[in-house]
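Those letters in the sequence shown? Residues -22 to -1, 1 to 211, per mature numbering (1 follows the signal peptide of the UniProt record, and there is no 0), in order.
Calculated directly from the structure, the hints in this document are not laboratory data.
Even glycine gets a Cβ: it sits at the ideal position worked out from N, Cα and C.
Treat the hints loosely; a few may be bogus.
Claimed, not checked - So the derived label-pair ranges between C-beta atoms look like this:
id, residue 1, residue 2, range
1, I146, F110, 37 to 47 Å
2, V133, S180, 37 to 47 Å
3, A154, V48, 31 to 41 Å
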Amino acid sequence: MKMMNLMMGSVLLASLLPATAAWQATSGGRPLPRAAPGPAKALTLRGGAVDLSLASLGAAYASSLASRPVVTKAFTAGVIFSLSDVAGQAIAPSGAAHDVPRTLTSGLVGLLYFGPALHWWLEMISRVVPGFDLKSTLVKTLMGQSCFGPLMTAVFFAASLVQVHGPIGGLRRWPAKVKQDLVSTWAAGLCFWPFVDLICYSFVPVMWIPLGYNVASFLWTIWLSLQAARQVS
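The whole structure should be built from the sequences, with the hints applied where relevant.
Have a look at this one:
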C-alpha cells in the first residue's frame, strides 16, 4: 500500500509540473512579488527536511525540457514505465514476489524507445498534419493508432519476451505473441488513446504534449505490462 501511495503521488506530481511551469511562463512577464523572508516550507521525511517546492520543480523541468528535450522525455518515460509495471504487478492476481527484472525492462523500454520515439513522432506528425482543430486531431489519432501504437506494443512484447526467455528464445516466441495479443491490445487502446489525443491536442500547451502522453501512458502501460506477461499459447 505504501508503494502504491508513493507511486500515485509521483504520477500526480508529474501531472502538475506542466500546469505549474505554464502558469509561470504566462504570468504576463511581470516579476512575481517577493515574499518576506520566513521559514522555508518543507516536507519532513524521517527527520530530514526536503524542499519540494512545486514551482521550483516545474521551473527546473521546463528548463530541462527546453535545453535537453529528448533526454528529458526519455527519462520521464523511463520513470513512468517503471512505475506502471510496479502497479501492474501489485494488482496482478498471481500473488508472486515482485519481478524486479520485469520492472527494469519496462523502464528501459520507456527510456530507450518510447520517450525518444514519441518525441520524433510528435515532431513529424505536427509537420505532416499542422493545426489543432477537430479534423487535424482525428487525422493524428488515426495515424497514431495505425502506426505508432501497434509498433510500440510489438516492441514492448519483444522486450518482455527477451527478458524472460533470452534474446533467441524471446525473438522466437515473438511472432506467436504478436499474433495472439496484438490485435486485442490494439482494440483496447481504441477505447483509451483517442480520448488522450483529444485532450492533449485541445487543451495541453504544445511543449507539454509529450508529458501529457507520458502521464497517460502510466495507466496504459499497466495494462500493457499485464498483456505482455501473458504466456504464449
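A154 paired with V48, Cβ distance criterion 31 to 41 Å: Given about 34 Å between the Cβ atoms, the range holds.
Go ahead and decide if the range 37 to 47 Å is satisfied by the Cβ distance of I146 to F110. holds (46 Å)
When you take the CB atoms of V133 and S180, is the distance between them in 37 to 47 Å? violated (28 Å)
The earlier numbered hint that this structure contradicts is number 2, and it is the only one.
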